[in-house]
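Given the coordinates of chain A, assemble chain B onto it according to the supplied hints.
Heads up: the protein sequence lines correspond to chains A and B, in order. Under the numbering used here, the first residue of the first sequence is numbered 1, with each subsequent residue one higher. Under the numbering used here, the first residue of the second sequence is numbered 1001, with each subsequent residue one higher.
If you're looking for bench data, these hints aren't it; they were derived computationally from the structure. Any given hint could turn out to be false.
[Claimed, not checked] Straight-line Cα separation of at most 25 Å, DMTMM-like style, residue types lysine to aspartate or glutamate; simulated pairs:
#1 5/A - 1166/B
#2 168/A - 1098/B
#3 146/A - 64/A
#4 5/A - 66/A
#5 1225/B - 1177/B
#6 1005/B - 166/A
#7 1168/B - 9/A
#8 168/A - 1009/B
#9 1168/B - 98/A
#10 1146/B - 1191/B
#11 146/A - 231/A
#12 1146/B - 1218/B
#13 1168/B - 94/A
#14 1005/B - 1091/B
#15 225/A - 249/A
#16 168/A - 1094/B
#17 5/A - 91/A
#18 1268/B - 1063/B
#19 268/A - 63/A
#20 225/A - 278/A
#21 168/A - 105/A
#22 1146/B - 1082/B
2 protein chains.
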Amino acid sequence: MQVVKTISELRSARRNLPAAVGMVPTMGFLHAGHLSLVRAARRDCASVIVSIFVNPTQFAPHEDLDAYPRNTARDLELLAAEGAHLIWIPDAEEMYPENFQTWVEVVEVTRPLEGLYRPIHFRGVTTVVAKLFNAATPHQAYFGQKDAQQAAVIQQMVRDLNFGVEIKVCPTVREPDGLAFSSRNAYLDPEERRAAAILFKALSNAQIAFNKGERSADLLREIMKTALNSEPLANPQYVSCSNPDTLLELTGQINGCALLTMAVFFGKTRLIDNMILEA
Amino acid sequence: MQVVKTISELRSARRNLPAAVGMVPTMGFLHAGHLSLVRAARRDCASVIVSIFVNPTQFAPHEDLDAYPRNTARDLELLAAEGAHLIWIPDAEEMYPENFQTWVEVVEVTRPLEGLYRPIHFRGVTTVVAKLFNAATPHQAYFGQKDAQQAAVIQQMVRDLNFGVEIKVCPTVREPDGLAFSSRNAYLDPEERRAAAILFKALSNAQIAFNKGERSADLLREIMKTALNSEPLANPQYVSCSNPDTLLELTGQINGCALLTMAVFFGKTRLIDNMILEA
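Isolated chain A (complex conformation) (with noise of 0.2 Å):
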């Protein structure tokens, strides 16, 4: 396993590799998700590129950039031990040197949920996204689907710059409680982690009542707002039920599938998940 920094580094060390190229981008302090991700790409490709990156972009000044949990070391070993082949850590002054000034932006799909609350962060994704695809040129990159509008909008980036990678996106690696991995659950005291487990609680409630032939697409948000509400620590930012690729709220009933999404603060602390719903 080789360790990189700079940009020309991580050129020159990925003309060694055998294709294809796999490629799963995270922002450090790994966990069982990240590792998902790197097994996959492992699965399916020759060579797997995992870069490290607390990309200060998509953070919004009052947000988590300083406190995101960060443990290298740590990282490298995991990594080392599921066989990762190239390990990129770039610096932020190296991606982000003096008069930096090119975007990219997706319009659409970044408009409702997350880019309600967070109306920088898909900006600083899709930036961040573009150049790690440019220096590092997989062939496939793989995204969690923990982070759902996030993959979507990856999704649509790709489609429309004609970008040569596929995106792959792998499912949510939970806990035995259902709290679905995140770097930020490190953030959550023993109390808070006890209650977290509640939104996975409130997504299966809407996803036994959906299975049970549940279609009102208000009535979903219902149950999982009467879960949520029941736990004492979990202040909710939203509840979702949407159209799967547009992400736009549904009304009325539900004509095919759906996803469900939430935003919920346990103190300081947001978290989000989600479930998609198969008709």
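Positioned in the frame of chain A, the structure of chain B alone reads:
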């Protein structure tokens, strides 16, 4: 010489091209300026891709998209004679399918000069060039100095987004009377065509003064305006003496290099030209 239309045909043909691959993005109706870019690419690269695409997103509604001159049969003859290897002529429907919603925007260097008068122009240019680069994955791409701001904008985009493409900017090619070759010269009637030589005359007058030691940006602008005002058919939109890197207007004494640029109407036809003053 192979001619392809769809992105998937392009990708297949691209795979069989020997490296290095040079690309010349054009809007067709080729002239000696374009052909000098093809010749430069032939000199540097084993394979040369030329794209012909009148990109709708870089034209404002009131601009000349529909009138823009086209002659694909003649373009293909000229390109065959120059030894280009692969010609890509995409459809607007494939480049901008329904639901297209992603834009590449360079912020600062797009603002002055052309950006003031054509506010959506460079967003269209950078978006389509990003698409062309991603689809064709050239090692080198060739642009004309005639579109000085476009060249600066594309170089900024390539740096900021880490495209693995080296940008080559080739000298402006001129008619015997100094008029820069441009597809839009085809709009000029014989009187306007004769009058249009005033752009080069105005630039040359300023350059002569600079070479004699004149360093006042105001005075160099005045020299250009005086020349343009001597031609009754010329209707200047802007006349600029700017920093060649930032394209911001220079004031006071010039310290180093400068970029002279202008946009001038002849009837409805808008021509641009420029010259770099080297200290």
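Each hint, compared with the structure:
1. For the suggested pair residue 5/A and residue 1166/B, the alpha carbons sit about 22 Å apart, so the restraint of at most 25 Å is met.
2. At most 25 Å may separate the alpha-carbon atoms for a hinted pair to count; residue 168/A and residue 1098/B meet this at roughly 23 Å.
3. Taking the CA atoms of residue 146/A and residue 64/A, the gap is near 19 Å; set against the 25 Å cutoff, the hint holds.
4. For the proposed pair residue 5/A and residue 66/A, the alpha carbon gap of about 20 Å is at most 25 Å, so the pair holds.
5. Between the alpha carbons of residue 1225/B and residue 1177/B the distance comes to roughly 19 Å, so the proposed pair stays at or under 25 Å and holds.
6. About 22 Å separates the Cα atoms of residue 1005/B and residue 166/A, which keeps this hinted pair within 25 Å; it holds.
7. The hinted pair formed by residue 1168/B and residue 9/A meets the criterion: a straight-line CA distance of about 24 Å does not exceed 25 Å.
8. Note on residue 168/A and residue 1009/B: the hinted pairing holds, with a Cα-Cα distance of about 24 Å set against a maximum of 25 Å.
9. Proximity of residue 1168/B to residue 98/A is assessed by CA-CA distance (about 23 Å); at most 25 Å being required, the pair is judged to hold.
10. Restraint check for residue 1146/B and residue 1191/B: satisfied, since their Cα atoms lie roughly 23 Å apart, inside the 25 Å limit.
11. The suggested pairing of residue 146/A with residue 231/A holds, with an alpha-carbon distance near 22 Å, which does not exceed 25 Å.
12. Among the hinted pairs, residue 1146/B with residue 1218/B is consistent with the structure: their alpha-carbon atoms are about 23 Å apart, no more than 25 Å.
13. Between the alpha carbons of residue 1168/B and residue 94/A the distance comes to roughly 23 Å, so the proposed pair stays at or under 25 Å and holds.
14. Taken as a hint, the residue 1005/B and residue 1091/B pair is honoured in the structure, with Cα atoms around 7 Å apart against an allowance of 25 Å.
15. For the hint linking residue 225/A to residue 249/A, the alpha-carbon distance of about 15 Å falls within 25 Å, and the restraint holds.
16. A C-alpha spacing of about 23 Å is found between residue 168/A and residue 1094/B, which places the hinted pair at or below 25 Å, so the restraint holds.
17. With a C-alpha separation of about 7 Å, the suggested pair residue 5/A and residue 91/A falls inside the 25 Å cut-off, and the hint holds.
18. Note on residue 1268/B and residue 1063/B: the hinted pairing holds, with a Cα-Cα distance of about 10 Å set against a maximum of 25 Å.
19. Proximity of residue 268/A to residue 63/A is assessed by CA-CA distance (about 10 Å); at most 25 Å being required, the pair is judged to hold.
20. Distance hint between residue 225/A and residue 278/A is fulfilled; the C-alpha atoms sit about 21 Å from each other, no more than 25 Å.
21. For the hint linking residue 168/A to residue 105/A, the alpha-carbon distance of about 21 Å falls within 25 Å, and the restraint holds.
22. Distance restraint check for residue 1146/B and residue 1082/B: the Cα-Cα separation of roughly 21 Å lies within the 25 Å cut-off, and the hinted pair is therefore satisfied.
Violated hints are absent here; each numbered hint is respected by the structure.
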